[in-house]
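Asks: Chains as they are written, first to last, in this note's numbering: chain A, 4 to 316; chain B, 4 to 316; chain C, 4 to 316.
Don't read these hints as lab results, they were simulated from the structure. Even glycine gets a Cβ: it sits at the ideal position worked out from N, Cα and C. Be aware that one or more of the hints could be misleading.
Stated by the list, open to error - Among chain A residues calculated to face chain C with C-beta under 8 Å, some are:
no. : residue
1   : L36
2   : G39
3   : V41
4   : H67
5   : W78
6   : G85
7   : I87
8   : M88
9   : E98
10  : L118
11  : E119
12  : N253
13  : H257
Said to hold, decoys possible - In silico BS3-like pairs for lysine-lysine, Cα to Cα no more than 27 Å straight-line:
no. : chain 1 : residue 1 : chain 2 : residue 2
14  : A       : K232      : A       : K267
15  : C       : K27       : C       : K38
16  : C       : K27       : A       : K38
17  : B       : K27       : A       : K32
18  : A       : K32       : C       : K35
19  : A       : K28       : B       : K5
20  : C       : K40       : A       : K35
21  : C       : K28       : C       : K5
22  : C       : K40       : B       : K27
23  : B       : K32       : C       : K38
24  : A       : K171      : B       : K5
25  : C       : K35       : A       : K35
26  : A       : K40       : B       : K38
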Amino acid sequence: MKHFLHVNDIDSSASWLSLAAECKKEPFKYEKLGKGKVLGLLFFNNSLRTRLSTQKAAYHLGMHCMIMNIGSEGWALEFEDGTIMDQGKAEHIKEAAQVISQYCDVLGVRAFASLEDKEKDEAEQVLNGFKKYAGIPVLNMESATGHPLQALADLITITEHQQTKRPKVVLSWAPHPRALPQAVANSFTSIMRNNPQFDFCVTHPRGYELNPEIIGDSPVYHDQNEALKDADFVYVKNWSASNPYGAVLNNDPHWMITPEKLGKAYFMHCLPVRRNVIVEDAVLDGNNSLVIEQANNRTYAAQAALIKILESL
Amino acid sequence: MKHFLHVNDIDSSASWLSLAAECKKEPFKYEKLGKGKVLGLLFFNNSLRTRLSTQKAAYHLGMHCMIMNIGSEGWALEFEDGTIMDQGKAEHIKEAAQVISQYCDVLGVRAFASLEDKEKDEAEQVLNGFKKYAGIPVLNMESATGHPLQALADLITITEHQQTKRPKVVLSWAPHPRALPQAVANSFTSIMRNNPQFDFCVTHPRGYELNPEIIGDSPVYHDQNEALKDADFVYVKNWSASNPYGAVLNNDPHWMITPEKLGKAYFMHCLPVRRNVIVEDAVLDGNNSLVIEQANNRTYAAQAALIKILESL
Amino acid sequence: MKHFLHVNDIDSSASWLSLAAECKKEPFKYEKLGKGKVLGLLFFNNSLRTRLSTQKAAYHLGMHCMIMNIGSEGWALEFEDGTIMDQGKAEHIKEAAQVISQYCDVLGVRAFASLEDKEKDEAEQVLNGFKKYAGIPVLNMESATGHPLQALADLITITEHQQTKRPKVVLSWAPHPRALPQAVANSFTSIMRNNPQFDFCVTHPRGYELNPEIIGDSPVYHDQNEALKDADFVYVKNWSASNPYGAVLNNDPHWMITPEKLGKAYFMHCLPVRRNVIVEDAVLDGNNSLVIEQANNRTYAAQAALIKILESL
């Protein structure tokens with residue numbers, strides 16, 4: 004039984020990329036693999052791409068989907084052990100996970116970072132709660148610290164568009180009015196760094212340091228222009244600060260991506276994107292934007308992950 | 004590629020009516036037409052009949068449905084061009100529509116009139132936003148100014164029950180405690196007027212004028228009794244005023260439909276209906292009410308529209 | 004046409020238990036029975052087990068599910084006859100039920116007790132409204148006074164685990180911070196009492212008397228220890244008082260179930276359960292807890308009920 008919780012669960016980039024390409028070419032090729040199998044999708048947070056692309060992937064694989072907005076349709080869950088549950092939480096993760104896993108063969112979970120309790124977020128309380136108690140494979144549909152389906156879709160997209168053997172890929176922070184999780188930046192960094200096929204670096208204002216264990220020895224620039232020089236792919240994303248955890252320290256519009264900054268590089272973003280805050284209209288409406296294709300590849304990323312899971316059952 | 008946005012998209016009443024009748028007789032006849040096709044249903048507003056009948060129609064056609072309450076489950080959308088998106092809207096229609104259309108083959112959209120901004124409502128900002136950017140056929144599940152699936156179901160229902168060659172059909176305003184859109188009245192008027200098979204007129208209090216371009220030369224009465232004389236079908240519906248736009252100017256209970264007013268005519272309403280406000284219990288509970296059958300025909304109206312769309316892919 | 008509204012609709016325990024066992028052994032055995040049939044699921048209240056297990060059962064039977072959270076996705080319903088509907092309720096049960104039943108072959112309804120109006124709750128205003136006007140079989144997914152799918156799953160679970168010919172089964176009240184309905188306690192009592200295969204009794208604090216018509220001549224103890232003596236199965240559940248209706252009169256933690264109180268008996272609860280309020284962690288985490296298996300059996304209880312309904316169409 005295999006989970007898909009982290010980009011490290013992609014045991015071989017080459018094999019997963021080729022599987023995704025196969026699905027993109029012939030979406031219903033593995034239609035029989037999921038026959039009679041139920042995919043439960045639990046949403047603790049809103050979703051558009053993840054919700055639809057994962058459903059679509061399951062449909063291509065012949066799986067039956069059951070979807071729940073667990074907060075509004077089910078019960079508020081308790082994650083702490085030993086609590087006297089006399090407050091707002093009606094059900095413990097121990098029961099919820101064991102029960103739900105009896106109705107499903109695979110369980111997708113989306114649960115964003117709280118951005119309030121760094122320790123719990125980094126412990127992946129919700130995702131790991133389901134992993135621990137569910138007894139069936141768990142699919143990460145964006146958790147507190149990672150969004151591996153997005154990172155896999157991003158890798159597919161870069162591979163489809165790269166024109167050099169070892170393209171330069173830059174992850175750039177950009178401003179945003181609200182505090183956002185670091186999940187997308189983390190997973191993109193994890194999938195890029197140490198991959199000898201990419202010349203990867205990160206740029207962000209001081210105070211926005213990502214987790215050092217994730218960044219590793221990836222070059223980090225505080226001067227965006229320096230980082231963007233000769234870039235082939237510019238992946239743009241806001242995230243909130245790590246100290247104080249979840250804070251918005253900077254809204255400097257100079258970090259917004261413009262056509263001038265982008266140059267000939269491809270523009271990437273996981274979406275939803277705030278136009279003229281994260282990036283100028285001209286970039287999104289131009290020919291160098293890959294954001295729509297990234298979203299398209301979410302279907303095939305999910306399909307590859309589900310195939311690997313189904314084959315492990 | 005064909006959209007179904009407006010009753011004018013019904014290129015031939017006769018052919019669409021015969022297709023709907025065929026589906027009503029043998030619902031699964033076109034079951035193979037939608038095989039492998041995905042119908043996305045986006046709800047910006049609540050829905051009962053439209054939600055269920057469109058799903059049912061898709062099921063009859065072998066299509067796979069993916070449903071989203073986009074407001075509560077996805078992201079708030081921005082529709083203006085050039086905005087600096089630093090407020091409440093997280094995603095622009097340009098991205099949302101392009102992205103969603105990659106996951107679907109046909110896209111149903113329900114987005115009511117705001118009743119606050121007449122210009123934007125008449126420009127059909129939401130529906131046309133999806134039409135412009137989606138790149139796949141769009142199905143109107145009630146928009147700011149029209150509800151063509153309802154009008155088609157109404158036409159089917161009248162055709163099934165008419166006992167004369169050219170029945171008299173009256174659209175009558177009725178009171179309602181809240182301000183309601185003009186969509187249903189507009190589409191019903193559009194499908195009736197200029198159709199030589201119907202003797203069509205409208206009645207409403209002064210101040211409730213419908214869009215002159217939609218009304219055309221249809222007779223309009225401010226005296227309900229005069230309009231209802233010798234009617235064969237009485238279609239009742241509240242709508243709010245056009246000036247001031249969206250206002251409730253009149254709650255006069257004398258406009259409520261009673262058995263006496265109805266006489267031998269059939270009673271029609273799109274539902275939901277406020278009993279003893281729009282119409283007396285005795286009418287709805289009597290033999291002349293067609294409201295349940297109208298709702299039933301929503302399935303076959305949707306099925307006809309989806310078949311025409313699927314055949315155009 | 005058969006409804007499944009009450010445990011009394013289980014015409015023969017033996018036959019239903021054997022049908023459920025058959026489905027548990029071979030879930031897709033009756034896959035063709037529901038082909039082309041639509042199951043509508045209407046939720047007036049939140050749900051996790053019922054929502055997922057009923058969907059799963061329908062999937063096993065080849066039925067197509069259409070699910071609505073009627074409060075948040077549809078319209079607020081009026082249940083009183085003769086009302087002037089000029090307030091918050093947009094649609095009458097008469098229209099809603101007739102309309103929905105045209106789109107479905109079977110209709111599941113979940114509508115909890117209000118705990119405010121005992122008379123309306125006992126009249127099962129919502130469930131019986133649908134029964135009266137729907138014209139198709141109605142499946143009770145927990146109503147104001149009963150939860151027969153839960154009781155059937157409980158009966159399956161006891162039968163699977165009983166080690167004596169006539170086990171002692173105790174229904175024990177336990178404390179809870181909020182006022183809860185009596186539905187689960189009612190249906191469990193109804194399915195146990197007068198069944199000569201079980202030695203059944205009830206225990207609760209004074210003031211928590213269940214409906215005398217439901218309790219019948221079942222022994223009732225106000226001393227929990229006396230009731231639990233030599234028990235084989237201890238079914239624990241909170242419910243609110245009947246006088247004043249819906250009140251929380253007692254939160255005495257001495258009524259919480261502990262491993263000492265349970266002894267060698269099996270522990271049962273319908274879930275969700277408040278840990279360390281209703282029952283100590285050690286019981287739920289121990290080997291005598293059947294709560295996860297009860298939830299699993301919800302699928303086969305629903306499957307048995309749907310098979311009986313489908314066979315009656």
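Asks: Could you run down the list of hints and mark each one as holding or not?
Replies: Hint by hint, here is what the structure shows:
Using the Cβ-Cβ criterion of 8 Å, the hint placing L36 of chain A at the interface with chain C is not satisfied: the shortest such distance is roughly 17 Å. For G39 of chain A, the interface hint holds, the least distance from its beta-carbon to any beta-carbon of chain C being 7 Å, beneath 8 Å. This hint holds: V41 of chain A has a C-beta 7 Å from the nearest C-beta of chain C, less than the 8 Å allowed. Because the closest C-beta pair between H67 of chain A and chain C is about 5 Å apart, less than 8 Å, the hint holds.
With 8 Å as the threshold, the beta carbon of W78 of chain A comes within range of chain C, its nearest partner Cβ sitting at about 5 Å, so the hint holds. The interface hint given for G85 of chain A holds, since its Cβ lies 6 Å from the closest Cβ of chain C, which is under the 8 Å cut-off. At its closest, the beta carbon of I87 of chain A sits 4 Å from a beta carbon of chain C; the interface hint therefore holds under the 8 Å criterion. Interface hint status for M88 of chain A: upheld, as the beta-carbon distance to the closest one in chain C is roughly 4 Å, under 8 Å.
With a cut of 8 Å, the hint placing E98 of chain A at the interface with chain C holds, because the nearest CB-to-CB distance is about 6 Å. This hint is violated: L118 of chain A has a C-beta 26 Å from the nearest C-beta of chain C, more than the 8 Å allowed. A hinted interface residue such as E119 of chain A counts as satisfied when its beta carbon comes closer than 8 Å to some beta carbon of chain C; here the least separation is about 23 Å, so the hint is violated. Because the closest C-beta pair between N253 of chain A and chain C is about 38 Å apart, greater than 8 Å, the hint is violated.
Residue-level restraint check for H257 of chain A is violated (minimum Cβ-Cβ distance to chain C is 43 Å; threshold 8 Å). Proposed proximity of K232 of chain A and K267 of chain A is supported: the alpha carbons are some 10 Å apart, at most 27 Å. In summary, the hint linking K27 of chain C to K38 of chain C is supported, as the alpha carbons are separated by about 20 Å, within the 27 Å threshold. Taken as a hint, the K27 of chain C and K38 of chain A pair is honoured in the structure, with Cα atoms around 18 Å apart against an allowance of 27 Å.
With a C-alpha separation of about 34 Å, the suggested pair K27 of chain B and K32 of chain A falls outside the 27 Å cut-off, and the hint is violated. Proximity of K32 of chain A to K35 of chain C is assessed by CA-CA distance (about 25 Å); at most 27 Å being required, the pair is judged to hold. Annotation: proposed proximity of K28 of chain A to K5 of chain B holds, straight-line Cα distance about 26 Å (limit 27 Å). The hinted pair formed by K40 of chain C and K35 of chain A meets the criterion: a straight-line CA distance of about 23 Å does not exceed 27 Å.
About 25 Å separates the Cα atoms of K28 of chain C and K5 of chain C, which keeps this hinted pair within 27 Å; it holds. Between K40 of chain C and K27 of chain B the CA atoms are separated by roughly 15 Å; this keeps the pair inside 27 Å, and the hint holds. About 15 Å separates the Cα atoms of K32 of chain B and K38 of chain C, which keeps this hinted pair within 27 Å; it holds. Distance restraint check for K171 of chain A and K5 of chain B: the Cα-Cα separation of roughly 43 Å exceeds the 27 Å cut-off, and the hinted pair is therefore not satisfied.
Taking the CA atoms of K35 of chain C and K35 of chain A, the gap is near 18 Å; set against the 27 Å cutoff, the hint holds. Taken as a hint, the K40 of chain A and K38 of chain B pair is honoured in the structure, with Cα atoms around 20 Å apart against an allowance of 27 Å.
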